[in-house]
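**Q** Next come the chains, spelled out residue by residue.
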Amino acid sequence: MTRNASETRQRNGTGEAVTDEPPVDTSGSETASELSGEDLVLRYPSTDEPVIDGERLAATPGAVTALVGPNGSGKSTLLKGLAKQLAPDEGTVLLDGRDVHSMGTKELARKLGLLSQESTSPESITVEDLVYHGRYPHRGFFETVTEEDIRAVDRAIDLAGCGHLRGREVGSLSGGQKQLAWVAMVLAQDTDVLLLDEPTTFLDLHHQLEVMEIVETLRDESDITVVVVLHDIEQAARLADEMVALEDGAIQARGTPEEVVTEELLADVFEIDAEVDVTERGPRVTPLRARHDAEEAERSPADASEAE
Amino acid sequence: MSSESSVGSERSTPARDTRRFVWLLDPRLVMTAIGSLVVVVLGGLVQVSFGAYTMTIGQAWAAVFDPDVLLNRQAWNAFLLGGEMPEMGTESLIVWNIRLPRVFVAVIVGMNLAVSGAIFQAVTRNELASPFILGVSSGAGLMILLVLVVFGGLTAFLPLIAAVGGAVAFLIVYAIAWKNGTSPVRLVLAGVIVGTVFGSVQTGLFFFADDIGIVQSAIAWTTGSLTGTDWEQVRMALPWSFVAILLAVAGARQCNVMLLGEQTAKSLGMSIEKVRFALSGVAVLAAAASIAVAGIVGFVGLIVPHMVRNLVGSDYKKVIVGCLFVGPALMVGADVGARLALSPVQVPVGIVTGLVGGPYFLYLMRKKQNMGEI
Chain A
0 MTRNASETRQ
10 RNGTGEAVTD
20 EPPVDTSGSE
30 TASELSGEDL
40 VLRYPSTDEP
50 VIDGERLAAT
60 PGAVTALVGP
70 NGSGKSTLLK
80 GLAKQLAPDE
90 GTVLLDGRDV
100 HSMGTKELAR
110 KLGLLSQEST
120 SPESITVEDL
130 VYHGRYPHRG
140 FFETVTEEDI
150 RAVDRAIDLA
160 GCGHLRGREV
170 GSLSGGQKQL
180 AWVAMVLAQD
190 TDVLLLDEPT
200 TFLDLHHQLE
210 VMEIVETLRD
220 ESDITVVVVL
230 HDIEQAARLA
240 DEMVALEDGA
250 IQARGTPEEV
260 VTEELLADVF
270 EIDAEVDVTE
280 RGPRVTPLRA
290 RHDAEEAERS
300 PADASEAE
Chain B
0 MSSESSVGSE
10 RSTPARDTRR
20 FVWLLDPRLV
30 MTAIGSLVVV
40 VLGGLVQVSF
50 GAYTMTIGQA
60 WAAVFDPDVL
70 LNRQAWNAFL
80 LGGEMPEMGT
90 ESLIVWNIRL
100 PRVFVAVIVG
110 MNLAVSGAIF
120 QAVTRNELAS
130 PFILGVSSGA
140 GLMILLVLVV
150 FGGLTAFLPL
160 IAAVGGAVAF
170 LIVYAIAWKN
180 GTSPVRLVLA
190 GVIVGTVFGS
200 VQTGLFFFAD
210 DIGIVQSAIA
220 WTTGSLTGTD
230 WEQVRMALPW
240 SFVAILLAVA
250 GARQCNVMLL
260 GEQTAKSLGM
270 SIEKVRFALS
280 GVAVLAAAAS
290 IAVAGIVGFV
300 GLIVPHMVRN
310 LVGSDYKKVI
320 VGCLFVGPAL
330 MVGADVGARL
340 ALSPVQVPVG
350 IVTGLVGGPY
360 FLYLMRKKQN
370 MGEI
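Going down the list, the protein sequences come from chains A and B.
When the letters of the first sequence are read in order and numbered with numbering that gives the first Met the number 0, they come out as residues 0 to 307.
When the letters of the second sequence are read in order and numbered with numbering that gives the first Met the number 0, they come out as residues 0 to 373.
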């Protein structure tokens, strides 16, 4: 299931000389954590119909799994289910073989981090203080900051590339800079599994690439298991070792980006006609037009439901 | 990323000081504390110097620093534990037995209301929250009236009974506002409505009062008054306030994480419901302790946390500590006005805080773009 690192780098074209490097497999080592959801049925308290109805999802240990799908396909819902933000009606979520609902909230937070889609904070908090909040699950009620906390925060800020923002107030940052600060906070949590909900949406290109580079660094240089929801299918293909495509709360396809990103899938799941070229940076999607079959048109109101 | 991160790591960032209480030395917090202390001390000295029994300012100060009282164990035993009062001069007796305790009660009430408001604002993530707006005050006030008018024998347990009333009112408000989470506006609306209903019941109770004296003291309760408070009120409120304030300071970090929003707090491993419940309990206790001795003093719990946030920033460790200073400053200052402005008539201090706090709050509302969420 896991692909070796050199192959991954080659496909993503991150710039290193690839072929003559020894294939050091850092991305799928045995110590990486395993996260899987079995037969998940997820619904919001306000709705009767489940958004996700009996799906199975296993994140490849130490690799990046990307969830893609149109608006309302349930990808964020699935992510919330995996992160224990939503209690499943049926099914279980296993982290290294243990049911997450049997774990204490802090214990889980030391192993699994989640970056939500819209994060709010007081305006006048500094980036550094925000990142220190990421250490919350590692600290007891009366404990002060330890050497380890400081190291983890420095590492996270470094990795997220927001050292120059350290003393700035969050309220004074641009959207992209804010997102970097939040990424740093969730990195400071120092978890084995990281779930990211649309981390690049609403960011300018520069910051989109910054966030993607952070995830690439995590994939190449650590054992962290990453599950990321992405809106942009090309970005997902470039970033992910494995892709999962959802439509109407059901998984339509899973596999490597080359297997998943095809013209047929784009037509079926995203309802667009598109050209897919396989390049060395992974598949490139050129959207041509939206499909307007009669059947499609009837179904579209349901797709725009609140399930996202 | 590469260029930026190298810039960040090259620049020497000052190592974070890990000592536990180093944040207390934040200059803004220190200035706030000193400024507030000056107001409290000046207000206190005005309070002890003026009144029905005329004495010179020199006499009053001499009485305050009278070593016969200050260093007398029997006197403190009488003040704090309710023991036998020792012999002392007339000036010392008036200052120490009548005028100073009132200042101390004002200090305690100010601390409690400010801390209570600050916690409620964090728990509900709502700038408009305060014990007054969330119905806690009216719930506690109703229970106090019930005790005064109907169950006269339970007066000793007034803070506890007030706390129960406040907690019940808050739970009702929360339950009404709850709909897969609460929004600031729904909470405030529910609080106003529950407060109004409880207020009607309070007014209704007046008709069952036996004599006019009870009605008058009931009115003093519902407007918030420090008239006639002495060491007994200090003794009544002090232990509860001590517990509530200690817990509030300890819970400040939880408040900070709470302010990051429910989802983030949850994903950081906080048991949201438990923490919210515990912190609300602390806030209700603090509010009840002050309501039990001074009645319903409005606006202090609402505006003091605002002022403190403007002064020291949004870190709740600093906000709570700041509230412990600014709250007393506002209360002592307001009580000077309440006692001396229309002398010899004393108005309830709640009227003064309302007159000062209301306009300040309106000014905030006009100045800020989006009021509501912190």
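In short, the hints are calculated from the structure, not lab data.
Careful: at least some of the hints might be erroneous.
Derived CB-CB ranges, DEER-like [as the list claims (entries may be wrong)]: (1) A:G103 - B:L70: 48 to 58 Å; (2) A:E48 - B:A249: 39 to 49 Å; (3) A:R138 - B:G88: 24 to 34 Å; (4) B:V200 - A:Y43: 37 to 47 Å; (5) A:G53 - B:V248: 45 to 55 Å; (6) A:E89 - B:L361: 27 to 37 Å; (7) B:V200 - A:D38: 30 to 40 Å; (8) A:T46 - B:P358: 41 to 51 Å; (9) B:L188 - A:T285: 48 to 58 Å.
Calculated pairs, PhoX-like style, for lysine-lysine (alpha carbon to alpha carbon, straight line, at most 25 Å) [claimed, not checked]: (10) A:K110 - B:K273; (11) B:K178 - B:K316; (12) A:K105 - B:K273; (13) B:K316 - B:K273; (14) B:K316 - A:K105.
C-beta: ideal position from N, C-alpha, C; glycine also.
**Q** Check the hint pairing K316 (chain B) with K105 (chain A) against an upper bound of 25 Å on the C-alpha distance.
**A** holds (22 Å)
**Q** Is it true that the CA of K316 (chain B) sits at most 25 Å from the CA of K273 (chain B)?
**A** holds (20 Å)
**Q** Confirm or reject the claim that L188 (chain B) and T285 (chain A) have a C-beta distance inside 48 to 58 Å.
**A** holds (52 Å)
**Q** Would you say the C-beta atoms of R138 (chain A) and G88 (chain B) sit inside 24 to 34 Å of each other?
**A** violated (55 Å)
**Q** Would you say the C-beta atoms of E89 (chain A) and L361 (chain B) sit inside 27 to 37 Å of each other?
**A** Violated - the Cβ-Cβ distance for E89 (chain A) and L361 (chain B), about 53 Å, lies outside 27 to 37 Å.
**Q** Using the Cβ atoms, figure out if E48 (chain A) sits within 39 to 49 Å of A249 (chain B).
**A** Taking Cβ atoms as reference, E48 (chain A) and A249 (chain B) lie about 44 Å apart, which means the hint holds.
**Q** Just to be careful, I want the Cα atoms of K105 (chain A) and K273 (chain B) compared with a cutoff of 25 Å; is the pair within it?
**A** holds (13 Å)
**Q** Does the hinted range 48 to 58 Å hold for G103 (chain A) and L70 (chain B) at CB?
**A** holds (53 Å)
**Q** Verify the CB-CB distance for G53 (chain A) and V248 (chain B) against the hinted window 45 to 55 Å.
**A** holds (49 Å)
**Q** Given a hinted range of 41 to 51 Å, is it respected by the beta-carbon distance of T46 (chain A) and P358 (chain B)?
**A** holds (46 Å)
**Q** Is K178 (chain B) close enough to K316 (chain B), meaning Cα to Cα at most 25 Å?
**A** violated (30 Å)
**Q** Against the range 37 to 47 Å, how does the distance between the Cβ atoms of V200 (chain B) and Y43 (chain A) compare: consistent or not?
**A** Because 38 Å falls inside the window, the suggested range holds.
The earlier numbered hints that this structure contradicts are 3, 6, 7 and 11.
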